[in-house]
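Asker: From first to last, the protein sequence lines are chains A, E and Y. Numbering (the numbering used here) for the first sequence: 1 to 484. Numbering (the numbering used here) for the second sequence: 1 to 94. Numbering (the numbering used here) for the third sequence: 1 to 483.
Among the clues, some could well be false.
As the list claims (entries may be wrong) - Derived contacts from chain E toward chain A, CB cut-off under 7 Å, selection only:
id, residue
1, ILE5
2, VAL25
3, ASN79
To be verified - According to the in silico footprint, chain Y covers these stretches of chain A (three or more CB under 8 Å from chain Y):
id, segment
4, 170–182
5, 200–211
6, 232–241
7, 362–373
8, 408–422
Read the hints as simulated data drawn from the structure, not as lab findings. Given the structure is predicted, the values throughout are model-derived calculations rather than measurements. Glycine included, each C-beta is placed from N, C-alpha and C at the ideal position.
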Amino acid sequence: MELYELTVHELQELLAGGITSSAEIVKSVLARIDAVEDQVKSFITVTREQALDKARQVDAQGSYQGLAGIPMGLKDNICTRGVKTTCASRMLADFIPPYESTVSRRLDQQGSVLVGKLNMDEFAMGSSTENSAFFATRNPWDLTKVPGGSSGGSAAAVAAGQIPFSLGSDTGGSIRQPAAYCGVVGMKPTYGRVSRWGVVAYASSLDQVGVLSKDVRDNAMIMQIIAGHDPLDSNCVDLAVPDYVAGLDGSVRGMRIAYPREYFGVGVNESVRDLVMQALKKYQELGAIVEEASLPHSEYALPAYYLLGPAEASANLACFDGVRFGCRDNTAENVVDMFSGTRDHGFGDEVKRRIMLGTFALSSGYYDAYYLNALKVRRLIANDFTKVFNDYDIIIAPTTPTTAFGLGEQRGDLLTIYMNDVLTVPVNMAGLPGISIPCGFTGGLPVGMQIIGKAFDEATVYKAAYAFEQNTDFHTIKPQLGVR
Amino acid sequence: MALTIKEVEHVAQLARLKLTEEEKVKFAQQLSTVLDYADTLNAISTEGVEPLIHILPIRNVFREDQRKPSMEREEILANAPLAEGFQYKVPKIM
Amino acid sequence: MSPDYEIVIGLEVHAELKTQTKIFCSCSTAFGAEPNTQTCPICAGFPGALPVLNRQVVDLAIRAGLALHCEIPAMCKFDRKNYFYPDLPHGYQVSQFDFPVCKQGYLDIDIEGQKKRVGVTRAHMEEDAGKLVHQGDITTTPFSLVDLNRSGVALLEIVSEPDMRSAQEARAYLEKLRSMLLFAGVSDCKMQEGSLRCDANVSVRPFGQQEFGTRCEIKNLNSFRALERAIEYEAKRHMEALEDGTELFQETRTWDEEKQMTRSMRSKEEAHDYRYFPEPDLPPLFISREWVDEVRAALPEMPEQAQQRLMEVYGLPEYDAALLTLTPETLDFFDRCVQEYPDAKTIANWMMGEFSRLLNQTNQEIGDSHLTPDHLVQMLRLVDDGTISGKIAKTVLEDMFNSGQSPQEIIKAKGLVQISDADTLLPLIEDIVGANPKVVEDYKSGKGKAMGFFVGQIMKATKGQANPALVNELLKKVLDSIQ
Ligand SMILES: [Mg+2]
Ligand SMILES: [Zn+2]
Numbered sequence: 001m002e003l004y005e006l007t008v009h010e011l012q013e014l015l016a017g018g019i020t021s022s023a024e025i026v027k028s029v030l031a032r033i034d035a036v037e038d039q040v041k042s043f044i045t046v047t048r049e050q051a052l053d054k055a056r057q058v059d060a061q062g063s064y065q066g067l068a069g070i071p072m073g074l075k076d077n078i079c080t081r082g083v084k085t086t087c088a089s090r091m092l093a094d095f096i097p098p099y100e101s102t103v104s105r106r107l108d109q110q111g112s113v114l115v116g117k118l119n120m121d122e123f124a125m126g127s128s129t130e131n132s133a134f135f136a137t138r139n140p141w142d143l144t145k146v147p148g149g150s151s152g153g154s155a156a157a158v159a160a161g162q163i164p165f166s167l168g169s170d171t172g173g174s175i176r177q178p179a180a181y182c183g184v185v186g187m188k189p190t191y192g193r194v195s196r197w198g199v200v201a202y203a204s205s206l207d208q209v210g211v212l213s214k215d216v217r218d219n220a221m222i223m224q225i226i227a228g229h230d231p232l233d234s235n236c237v238d239l240a241v242p243d244y245v246a247g248l249d250g251s252v253r254g255m256r257i258a259y260p261r262e263y264f265g266v267g268v269n270e271s272v273r274d275l276v277m278q279a280l281k282k283y284q285e286l287g288a289i290v291e292e293a294s295l296p297h298s299e300y301a302l303p304a305y306y307l308l309g310p311a312e313a314s315a316n317l318a319c320f321d322g323v324r325f326g327c328r329d330n331t332a333e334n335v336v337d338m339f340s341g342t343r344d345h346g347f348g349d350e351v352k353r354r355i356m357l358g359t360f361a362l363s364s365g366y367y368d369a370y371y372l373n374a375l376k377v378r379r380l381i382a383n384d385f386t387k388v389f390n391d392y393d394i395i396i397a398p399t400t401p402t403t404a405f406g407l408g409e410q411r412g413d414l415l416t417i418y419m420n421d422v423l424t425v426p427v428n429m430a431g432l433p434g435i436s437i438p439c440g441f442t443g444g445l446p447v448g449m450q451i452i453g454k455a456f457d458e459a460t461v462y463k464a465a466y467a468f469e470q471n472t473d474f475h476t477i478k479p480q481l482g483v484r
Numbered sequence: 001m002a003l004t005i006k007e008v009e010h011v012a013q014l015a016r017l018k019l020t021e022e023e024k025v026k027f028a029q030q031l032s033t034v035l036d037y038a039d040t041l042n043a044i045s046t047e048g049v050e051p052l053i054h055i056l057p058i059r060n061v062f063r064e065d066q067r068k069p070s071m072e073r074e075e076i077l078a079n080a081p082l083a084e085g086f087q088y089k090v091p092k093i094m
Numbered sequence: 001m002s003p004d005y006e007i008v009i010g011l012e013v014h015a016e017l018k019t020q021t022k023i024f025c026s027c028s029t030a031f032g033a034e035p036n037t038q039t040c041p042i043c044a045g046f047p048g049a050l051p052v053l054n055r056q057v058v059d060l061a062i063r064a065g066l067a068l069h070c071e072i073p074a075m076c077k078f079d080r081k082n083y084f085y086p087d088l089p090h091g092y093q094v095s096q097f098d099f100p101v102c103k104q105g106y107l108d109i110d111i112e113g114q115k116k117r118v119g120v121t122r123a124h125m126e127e128d129a130g131k132l133v134h135q136g137d138i139t140t141t142p143f144s145l146v147d148l149n150r151s152g153v154a155l156l157e158i159v160s161e162p163d164m165r166s167a168q169e170a171r172a173y174l175e176k177l178r179s180m181l182l183f184a185g186v187s188d189c190k191m192q193e194g195s196l197r198c199d200a201n202v203s204v205r206p207f208g209q210q211e212f213g214t215r216c217e218i219k220n221l222n223s224f225r226a227l228e229r230a231i232e233y234e235a236k237r238h239m240e241a242l243e244d245g246t247e248l249f250q251e252t253r254t255w256d257e258e259k260q261m262t263r264s265m266r267s268k269e270e271a272h273d274y275r276y277f278p279e280p281d282l283p284p285l286f287i288s289r290e291w292v293d294e295v296r297a298a299l300p301e302m303p304e305q306a307q308q309r310l311m312e313v314y315g316l317p318e319y320d321a322a323l324l325t326l327t328p329e330t331l332d333f334f335d336r337c338v339q340e341y342p343d344a345k346t347i348a349n350w351m352m353g354e355f356s357r358l359l360n361q362t363n364q365e366i367g368d369s370h371l372t373p374d375h376l377v378q379m380l381r382l383v384d385d386g387t388i389s390g391k392i393a394k395t396v397l398e399d400m401f402n403s404g405q406s407p408q409e410i411i412k413a414k415g416l417v418q419i420s421d422a423d424t425l426l427p428l429i430e431d432i433v434g435a436n437p438k439v440v441e442d443y444k445s446g447k448g449k450a451m452g453f454f455v456g457q458i459m460k461a462t463k464g465q466a467n468p469a470l471v472n473e474l475l476k477k478v479l480d481s482i483q
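For reference, chain A alone in the conformation it holds in the complex:
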């Protein structure tokens, strides 16, 4: 086994036992990046020298606490002070934030070593990472397929062994969907569990940062570090974070699991459905109570999301006006032309589409029919979950209707590509925690199972995910990348 193939907790053991050093781990990871990056293309920036420096510093301290010496990758919408943060957009191609996100600061303070910034759909808008202004990332299981998105770089890098764990962000499925497509573990916590400070906003009421990892234990351990109150984010609640790792006991005996019939219906690929149903059987075997339930407004989540997300985005992306940061149209003679020239050049098509969609949904005469109505639908969707959670501990469903699709395959077909998130979006609309874990393979591609929990009950989600993982071996199967 090479160091880059190991999980975080395995690396921690080696470090604690004095068997390896952070510098060796970082070198192994950098070598892996060198070996496979031109196939996977998950990194926008590799912070090679900075990473080696920090690794040596950590090694010099002599002992390894927390995440000391463990490499990490961050989605490129997570601001890192002094390190280019582009959101995979021409707009921010040269942007160097003068501030640090809370999540990266917490990991940095724990000793984790930043190795690079990961590719994504521009401003987190997309489900394939093909909307990156720079290049598309490829799925390590099949280089002709997309890794999913928008945290495609974060998922592909973990799957390809380029990094033991990464952070992504999830607004409508952007962690869970790529995790499913790349066969890794991806957790979107409850809205308000993790600070959004320093994370470039797409849709503020839906965005959450989460963890992509090789297994559930790693995921829970990293979440433990990034979760918890942050006075810099008014929505990041002051609520104690339970010890997620301690809760991983492998047992689901007596746990009440609902599977919503709406998530297994039309549009969901048969083998995906079968694999999740088999997983539910596994849970039954392990002593859980598994029953069918209903989330009747499920089909309305996606259309409502495509009003609310873009509406918020239209305001969040208004700060990109060429005045204080980012690119600028220097040919414009007046400020109005400068604004529109800058935004024309700086934004890609999908970003422009969503800005226009959101602007329209908020515009005079359409606000009530579109934006306000979508807020009401959001309430109905949240209420559906509340009802089911009166009787059940968790909800299990497929993460996505299909496995990863081909690069370029869905280009131009908006509704088809939006449909990738149909099973993940409702969870964001209700603000709940959701994890995707591997539950099998079909056609050589991984399939993800989604476990949805009650608000702020990530602990139960992790516990259930861990029990399944420990009783199956899907998480141990790695993609075969040709090393050239």
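Got chain A sorted already, so can you dock chains E and Y with the ligands onto it with the hints?
Answerer: Below, chains E and Y with the ligands alone, put in the same frame as chain A:
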């Protein structure tokens, strides 16, 4: 609903986006597709449903009125495409 | 103004709330700092930065609302108001749209002795924008510079009902509003520094017509005088248009102080669509009745109560009481004086007369001048005991005002002590009378002016220091002794 070219122009103007004639046609068609999809929401009655304005049951989150050092202006200006005399410089307003 | 038309005015006033830090970040709000030294990723609108509400802003907004007799609803929230402008870093202003912190209050103004009630529709919290610095005029400058020190400073926008019917009423409303905000301690209300800004909505309609006429919003009103002038100019423009049948457009206009006229602010009429929606980064506010009661209990004495007190306790006329309660500093000055010196009316006269004249002349606020209540009281005592005359007192007051010296110091340095000594005055009077036999004749033939002439001459000769009562007495004696 179907968006007309004129509506697309209006929205693009509000959003400060410059579109070519081709793009206007393309976006009119694409946005209409998504809005048609959004119109599926009309299938359910939302009468009497309280809009969900904030997902969390939290309220009154404050900080105290205590000064902290601002950012060094060299730093806040470092990313500026154009600056002069420690101020952001923009072309004429009118 | 034509008697056939009625002017309808509503005011939108932005008052900067008196906080140490901005509304959503911990940057200082101090006025006059070097450009962009009071900014951070939050108030400069950097991606990923998030707002956290300053508690003091809400406290002050509630306090202002109570002072303006507003209802404080149990729930309020923030919204984003979307528009692009180079001084607006986020591309939206965080403001309050459909659930403001204060609703439905009023202000009573005094118009030629008549009380008039003007409705306050609402007051809401919002953030200020930055400052654009132009090279010369906004219409001709080739480029502008952006300073974000002011961006994110907390404002309270107070919107009146369209209840005012003249420029004078509008001025009275703004003065009263300023006075209420000053007394409540929520804002410094310095129009020159921009901590109180006023926009006027003006329309004109024929008397008796129910519907409002076409409304224009006038911005850039930096003084009470500008407000009055701009309304008068705009009303006249509307009336002329109505007379001529020319069309009026609903538009935003700016007051040109130099040319004393309003002009249109936009070359092409731009579509306004602010696309307000709830600010997702800020949880809603629930203001408990306990919180409101606490703020109410801590509310200082307001001008109306103070006016009442001045009339009841000191027997001052309503007019005097109103003037002395225009600002908390004025009232405080009076209160300090009256504690030491029992004659309230005399204090009031001096404050409303000479002191006020000097303040106007030098364009100062009462707190800026060197004159202290203590010195004024000492001066009044010196008048009472005959050390100086009332006339000399005016000179002494001006000196105290300018230098901050005590009256004793000034009198001593300038030798201004009143001459109340008959032995000094008598020879002088005799000399002057003796030198003017013609005027003595006039006096004898009963011409009243003659007496005044002699008093004037004597005062001139003594540089005004002669005790006027004694001069009168001695002069009469001298004149009557001449046969
Ligand atoms: Mg306003
Ligand atoms: Zn600031």
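Asker: Hint by hint, say whether it matches the structure.
Answerer: Hint-by-hint comparison with the structure:
The closest approach between the C-beta of ILE5 of chain E and any C-beta of chain A is roughly 13 Å, which is over the 7 Å cut-off, so the hint fails. Hint status for VAL25 of chain E relative to chain A: violated, with the closest Cβ pair at about 13 Å, above 7 Å. For ASN79 of chain E, the interface hint holds, since its Cβ comes within 7 Å of a Cβ in chain A; the closest pair sits about 4 Å apart. A count of 0 residues in the segment 170–182 of chain A with a Cβ less than 8 Å from any Cβ of chain Y is obtained; the coverage claim is therefore unmet, three being the minimum.
Coverage of a stretch by a chain is defined here by at least three residues with a beta carbon nearer than 8 Å to that chain's beta carbons; for the segment 200–211 of chain A and chain Y the count is 5, and the condition holds. With a threshold of 8 Å between beta carbons, the proposed coverage of the segment 232–241 of chain A by chain Y holds, since 4 of its residues qualify and at least three are required. Here the segment 362–373 of chain A counts 5 residues with a CB under 8 Å from a CB of chain Y, which clears the bar of 3, and the coverage holds. Restraint check on the segment 408–422 of chain A versus chain Y: 0 residues with Cβ-Cβ distances below 8 Å, three needed, restraint violated.
Of the hints listed earlier, those the structure fails to meet are numbers 1, 2, 4 and 8, in rising order.
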